[in-house]
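Asker: The chain contents come next:
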Amino acid sequence: MSGVARPTRALREGPLRLALPRGALFESTLDRLDAVGVDTSELRSDSRSLVFESGDLMLVTMRPSDVPTYVEAGAADLGITGKDVLMEQSDRAFYELLDLGYGGCRMVLAAPAGDQHAEEHERRLGAVRIATKYPRIAERFFEDTGRRAEVIEVKGSVELAPISGLADAIVDLVDTGRTLRENGLEVREEIAPSTARLIANRVAHKLRAAEIDDLVGRLGEVS
Amino acid sequence: MTHPIPPGTRDILPDEMRELRALQGRLAAVFERFGYGEVATPTVEYDAVLARAGDVSGAPAAHRFFGGGGELLAMRADMTVPIARLVANRYAASEPPLRFFYNARAYREVRPQRGQMGEFFQAGVELVGSNAPDGTVEVIEVLSAALDEAGLGRAVIGLGDASLYRRLLEDVGVGDDARAEILELLAGRDLVGLEAAASSLDLGEAERELLTAIPRMRGGADVLERARDLGGDVTRRAVSGLAETYDGLAERGIADRVSLDLGLLRDLGYYTGAILEVYDPALGHVLGGGGRYDELMGRFGRHLPAVGFALYLERVHIAQAEEERLNEEGRR
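So the sequences go chain by chain: A and B. FYI, in my numbering the residues of the first sequence are 1 to 223. FYI, in my numbering the residues of the second sequence are 224 to 555.
Just chain A, same shape as in the assembly (with noise of 0.2 Å):
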């Protein structure tokens, strides 16, 4: 426990509030949704709405990396997201109720194959440039391994760090792999599996047991 947060004013009365994550893990979050009885149909259009009403459930759509703050807040009771995020937040306060089994990555280390640049700073230099947009998993990382890394934060595509020569190697989250491959990188060293989880607001899990613990059992029985 650090310092206290100065807490967002939000109402927990109505429906429970479902923080969902546009991008990689959207289709299949809404499948998921869809597998337990969560009509999903007006997500699916093409509305720019942000907030959805779907029965007893208040969707709400967002980054996958905002997701933890909307939930610690308890602007949101519920949340999915990746373990990636989860894992680059987890300084934050939160319940994580439930592996959801899909959307699996890994979280690696890659370095351009075949070239030893990484390995040659890291025995000469003492430390190797990692260029990320995971920079506490990246540092997190070293550190547990007990070797030195020189972390840079990007923000767009971090493959473009090693070709350029921005960095040495990347931390980030591979899938199949393939756009590592593409742009001459491989794999070095698994950081950490990741998949698609449930969180919730401290509050709420205390305040709304019931309800959100039949949603728990709802969506962990199709997983």
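The hints are simulated quantities; they were obtained by calculation from the structure and are not laboratory data. Since we're looking at a predicted model, the values are computed, not measured. For every residue, glycine included, the Cβ atom is placed at its ideal position computed from N, Cα and C. There may be inaccurate statements among the hints.
[Unchecked claim] Incomplete in silico selection of chain B near chain A, CB under 8 Å:
#: 1; residue: R337
#: 2; residue: F343
#: 3; residue: G416
#: 4; residue: Y502
#: 5; residue: P504
#: 6; residue: G507
#: 7; residue: V509
Given the coordinates of chain A, assemble chain B onto it according to the supplied hints.
Answerer: Chain B in isolation, oriented as in the chain A frame:
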């Protein structure tokens, strides 16, 4: 030209201060009514003295600096540790129980860009020298009255036991290393990780199911019944402390606003038995918490059991304003 103030700090202006003082006054009146006396301790103490509290990894001092003589000073992260010191210093020979309350500021480190408070008001009580379950029941009764007085009639008190899950792990035969790992996952509220760790243990199916089901159990009196049905004697022993406290609460007629939570574990290292958290439907953050810390006083030289709670005053204030707004909307 504006002159910056450090991250996590803020100025409080008259309209807010007036309301915070009023709230402090109402809480103080409740605490006085239950026989608690107000204390104030120094904002700055010797780091080595506060550190006697031991592994309080949950609340490290935010600011440490050198005094004029080169001694290391620290700003308090809560009021519980300073009061443990005060009891040892000033009440070394007094007959327990001792009852104290405080309206004071505490200081913690803030993470950047999270809107956190590094300096904040706490209102709370410490009951020193009163064992479980009676002392715990008394403190929960005071907390319940304080919440009512603050206008938070809908607030719920979560009640868990810091030793419950540890004891369960011991009783089903989980070794030291795995136990530490699993407790850390529980404290981090990672129930997925906990289940993965539990299923990798060399245990029977029933034990594994018990270890994964217990942390998810929360609610009314039926929680204890369900836990006993699931785990038999092992669980019966683990929940016995919680059950005694709950019976005491039922006798005083305040069990209704208490939600039992078998998976509750607060970060602070010094809790030994009952642990408390306060929730209000108007707010997504906990309003405060506390519990039993029967070994803390001993580290300062007086071996007395103790129990207490602290409310985050700014959060109580926001919840109060929200509840008022909801009431007005409801009336319209």
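Asker: Now, for every hint given, state plainly whether the structure supports it.
Answerer: Right, here's what the structure says about each hint:
Look at R337 of chain B: its Cβ gets to within about 7 Å of chain A, closer than 8 Å, so that hint holds up. Using the Cβ-Cβ criterion of 8 Å, the hint placing F343 of chain B at the interface with chain A is satisfied: the shortest such distance is roughly 5 Å. At about 7 Å, the closest approach between the beta carbon of G416 of chain B and any beta carbon in chain A falls short of 8 Å, and the interface hint on this residue holds. The beta carbon of Y502 of chain B is positioned within 8 Å of a beta carbon in chain A (closest approach about 5 Å), and the interface hint is therefore held.
Contact between P504 of chain B and chain A, as hinted, is supported at the beta carbon level, the nearest pair being about 4 Å apart and thus within 8 Å. For G507 of chain B, the interface hint holds, since its Cβ comes within 8 Å of a Cβ in chain A; the closest pair sits about 1 Å apart. The criterion of a C-beta within 8 Å of any C-beta in chain A is met by V509 of chain B, whose closest approach is roughly 6 Å, and the hint holds.
Of the numbered hints stated above, none is contradicted by the structure.
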